[in-house]
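Colleague: One rule links them: number in this note's numbering = place in the sequence shown (from 1) + 14.
Certain hints may be false.
To be verified - Here are the computed lysine-lysine pairs in the DSS-like style, where the Cα-Cα straight-line distance is at most 25 angstroms: (1) LYS25 - LYS58; (2) LYS73 - LYS54; (3) LYS115 - LYS94; (4) LYS58 - LYS39; (5) LYS115 - LYS73; (6) LYS25 - LYS54; (7) LYS39 - LYS25; (8) LYS89 - LYS115; (9) LYS73 - LYS58.
Hints are computed from structural coordinates only; laboratory data are not their basis.
Note that the coordinates shown come from a computational prediction; the quantities given were computed from them, not determined experimentally.
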Amino acid sequence: MPNNTNAFSYKTAPTEQANDFFAKKLACETDCSDVYADIKADNKNYILLDVRSTEAFDKSHAITAVSMPHSEINKESFEKYDNDTLFVVYCWGPGCNGAAKAGLKISSLGFGVKEMIGGIHYWEDFERYPVNRRITEVQK
15 MPNNTNAFSY KTAPTEQAND FFAKKLACET DCSDVYADIK ADNKNYILLD
65 VRSTEAFDKS HAITAVSMPH SEINKESFEK YDNDTLFVVY CWGPGCNGAA
115 KAGLKISSLG FGVKEMIGGI HYWEDFERYP VNRRITEVQK
């Protein structure tokens, strides 16, 4: 069947290859809506880590998130967690690779980890999910 669309200008992958690709992709990432659904369901099976700077975290972060800048992730900072602890990490958004850096470090330490795609940008600006904010003197 001839195909004259931009979306399918390249042949689709064979189903087995596509299944493998999407399974691997989903093994490493989740999205804001899945995380928020877990928060609403009071699912505490993982720790949501904001891996941006502490200053950025203090200004605004996803509810229930814990601050741990990716530059501070190491064996010592993770000694407090049980080996079976799972993590979801996020940074600014699609233009930031801080979550990928954190994910690599965390998985290298032997922990299960997923990246929340979209980061705080999608969480706060697109989905409008709840955040914790620091109120400045100017805002009072």
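Colleague: All hints are to be evaluated individually against the structure, with a verdict given for each.
Modeller: Status of the hints after comparison with the structure:
Annotation: proposed proximity of LYS25 to LYS58 is violated, straight-line Cα distance about 42 angstroms (limit 25 angstroms). Taking the CA atoms of LYS73 and LYS54, the gap is about 23 angstroms. The hint holds against a cut of 25 angstroms. Taking the CA atoms of LYS115 and LYS94, the gap is about 20 angstroms. The hint holds against a cut of 25 angstroms. A hinted pair counts as satisfied when its Cα atoms are at most 25 angstroms apart, and LYS58 with LYS39 qualifies at roughly 23 angstroms.
Note on LYS115 and LYS73: the hinted pairing holds, with a Cα-Cα distance of about 22 angstroms set against a maximum of 25 angstroms. Between LYS25 and LYS54 the alpha-carbon distance is near 41 angstroms, which puts this suggested pair outside the 25 angstroms criterion. As the CA atoms of LYS39 and LYS25 are separated by approximately 20 angstroms, the hinted pair is consistent with the 25 angstroms bound. Taking the CA atoms of LYS89 and LYS115, the gap is about 15 angstroms. The hint holds against a cut of 25 angstroms.
Our distance criterion of 25 angstroms between C-alpha atoms is met by LYS73 and LYS58, whose separation comes to about 24 angstroms.
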